[in-house]
Amino acid sequence: MSELLAQSILSVAFWHSAIRLSVTTGTAALGEVYAEKSGTVNIGLEGMVLTGAFFGAVGSYYTNSPWGGLLLAAVSGIVMALIHSLVTVFLSANQVVAGTAINILAAGITTFLNGILLKHVSNIPTFSNFAIPGLSRIPFVGEIFFDQNIFVYLLYVMIFVTWFLMKKTRLGLYLRTVGENPKAADSQGISVIRTKLTGMMICGVLAAIGGSFMPLFQLGLFSQNMSGGRGFIALAVVIVGGWKPSLSVLTALLFGMVEAFTYTFQTCYPEVPYQMVMMLPYIITIVVYVFMTGKAKAPAALAIPYEKE
Amino acid sequence: MIAIFIIVAAILTALLLGSVFIAISGENPIKIYIQLVKGAYGSNVLRGITISKMATLLLVGLGVGIAFKCNLVNIGGDGQLLMGALGSALAALYLDNIPTMLHILLCFLMGFLFGAVWGMIAGLLKAYKGMSEMITTIMLNYIATWFVSFLVNGVLKDTESNYPYPWTPEVPDRLKLASLFGTRVNIGILIALAIAVAIFWYLRYTASGYELRASGKNAEAASFVGINVNRSVVKAMALSGGLAGMAGTVELLGSQFRVSDTFANGYGFDGVAVAFLANSNPIGTIFSSFFFSSLQCGAENVARITNVSSSVSGIIQGLIILLILIGTSKKLNRVMKGVLERRKKQHE
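Chains A and B, in that order, are what the protein sequence lines are.
Read in order, the letters of the first sequence are residues 26 to 334 in my numbering.
Read in order, the letters of the second sequence are residues 7 to 354 in my numbering.
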């Protein structure tokens, strides 16, 4: 037991892996907050994470720089968000079906192009760790949170930016109004289409950047369907986090912690079947969700297509 | 009539766009599409594979369709199918001394039950806790996958074969679904077709089916006339899961013969595409499952002999759904009408 503790919550390495395992989910979840606040449920999040991962790898390989990968990933996220919006925002079609189509399409396109653009590529330029001078010297806490990589720092910044944007700016007010009551927003002269489009585009960019973390830092390569459900988990994370940016990212971190813990648990207790431990994060999510119901309210017009009369 | 026109136009447009991808691979699209049809139906064996897959997709698609009818989105087909396969495998491997026909029937029953319970969990959480069935079914997918993985790595593991990946022992030969006369097509498709007709009848001609549809169309109005909407939601999810579970049975006794943790293979999401293409109509689902299974099996065969990746079928599938969403958009329809009227006025 003491060994398990020493190797888990008392160890810096454990927290590093917990944070790494939650970066993709957390970033994508922040993106989903923008979409859902403006009334669009984006089931295609998983596909956007996957697209970001693939084009992140492509960009990094062909420009020979991880920055190129990050940029191309963001662009690919915008393109996917535009396809989604064309159907759901402009044409007011069923959001869930559109999202499922995006997921199927993303899996198809990335697998297809992977065989052409990244054939025999096993190594791409990646970002390296960057310790923030000073802060990272703080024992334990500093080492955990400030001896990280650009994706983690970006996530910190985005939590604050998202909170600020939602609560303190006009765009945030527009997004929330459109998500709560598009008709009222419309009568106030707010363009519902433009607002929803903005929400979706930010969502696409963040989901894709979250996805690009996997090839651009964690693994250094792209593999088929590498998103592995992290986009789906991000959807759950947003609900459990009550549509709040900070709580959503914290929930994502909780997910990463449980995942990291299962790996540690495996090495400490190899006799316990690891599959039973791997089930835990999902069971915990459902249980937390049960207790969450009624506590936080979803945007009132979520998933309801809006059509001007 | 217009709906069918839109569907055909969407399919043709998607195939046209798909040919761009084929051209990128350096192949002639027309030749590839011909090869695709040959790959799905060119021989007895290929026909067998394609129609088996159709049976599985049809059952999952019927399940997703029933949920759609009740205004529910079941994306948990993968988990429900896997649990169904597990239930069937338990019946197939551990029951003994039962007449073959009865034994097969029991396998289907267990498949239905296991899938139904898995779907019902999401239904109960939706009805009584207001939890999004999309989220819970996705979580239940992962739980099912790890649970089955736990079992096939442990108590259910086949210790006799030297296969490097864990799976269960093979189901007894006498339980494997028989082939139709002189073909490699197994009777799974007949079972699936019969169930499609039964579901059509259930939705259209029974009180229970009517309640289910009414709850989906307008929950408020339905509860006003005394329909228990919550019960409809639970029922729809249980039925939906049960049908996916039976897809697991058909897949187990007709194609795969063993359960492994990769057994479900994304059928649940394909089911959403199948049900959507058919507009959730059980009879239409027969055609859409036929189409998608042909597309997928054909593409796999094309990939084996040419440069074109089998993932091109996924691209086409995704495009078809998006194009139908565009084509059936009421908003687009109104805008187009407006444009035409304005033109007319200008002419006058």
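Note that these hints are calculated values from the structure, not bench results.
Keep in mind it's a predicted model, so treat the numbers as computed, not measured.
Be a bit skeptical, because a hint or two may be false.
As the list claims (entries may be wrong) - With beta-carbon atoms standing in for the labels, derived distance ranges:
1. Val-341(B) / Val-315(A): 39 to 45 angstroms
2. Pro-295(A) / Phe-293(B): 48 to 54 angstroms
3. Gly-245(A) / Tyr-39(B): 48 to 54 angstroms
4. Lys-163(B) / Leu-305(A): 18 to 24 angstroms
5. Ile-308(A) / Phe-11(B): 35 to 41 angstroms
6. Gly-214(A) / Gly-344(B): 18 to 24 angstroms
7. Asn-224(B) / Val-315(A): 44 to 50 angstroms
8. Asn-285(B) / Ile-308(A): 31 to 37 angstroms
We put the beta carbon where it would ideally sit given N, CA and C, even for glycine.
The hints, checked one at a time:
At roughly 43 angstroms, the beta carbons of Val-341(B) and Val-315(A) sit within the given window of 39 to 45 angstroms. Our hint of 48 to 54 angstroms for Pro-295(A) and Phe-293(B) holds, since their Cβ atoms are close to 51 angstroms apart. Taken as a hint, the range 48 to 54 angstroms is violated for the pair Gly-245(A) and Tyr-39(B), whose Cβ atoms sit roughly 38 angstroms apart. For Lys-163(B) and Leu-305(A), the hinted distance range of 18 to 24 angstroms is satisfied, since their beta carbons lie about 22 angstroms from each other.
Checked against the given bound of 35 to 41 angstroms, the beta carbons of Ile-308(A) and Phe-11(B), roughly 47 angstroms apart, lie outside it. Distance hint check for Gly-214(A) and Gly-344(B): the Cβ-Cβ separation is about 22 angstroms, which falls inside the suggested range of 18 to 24 angstroms. Restraint check, Asn-224(B) to Val-315(A): a C-beta distance of roughly 27 angstroms breaks the suggested window 44 to 50 angstroms. Our hint of 31 to 37 angstroms for Asn-285(B) and Ile-308(A) holds, since their Cβ atoms are close to 35 angstroms apart.
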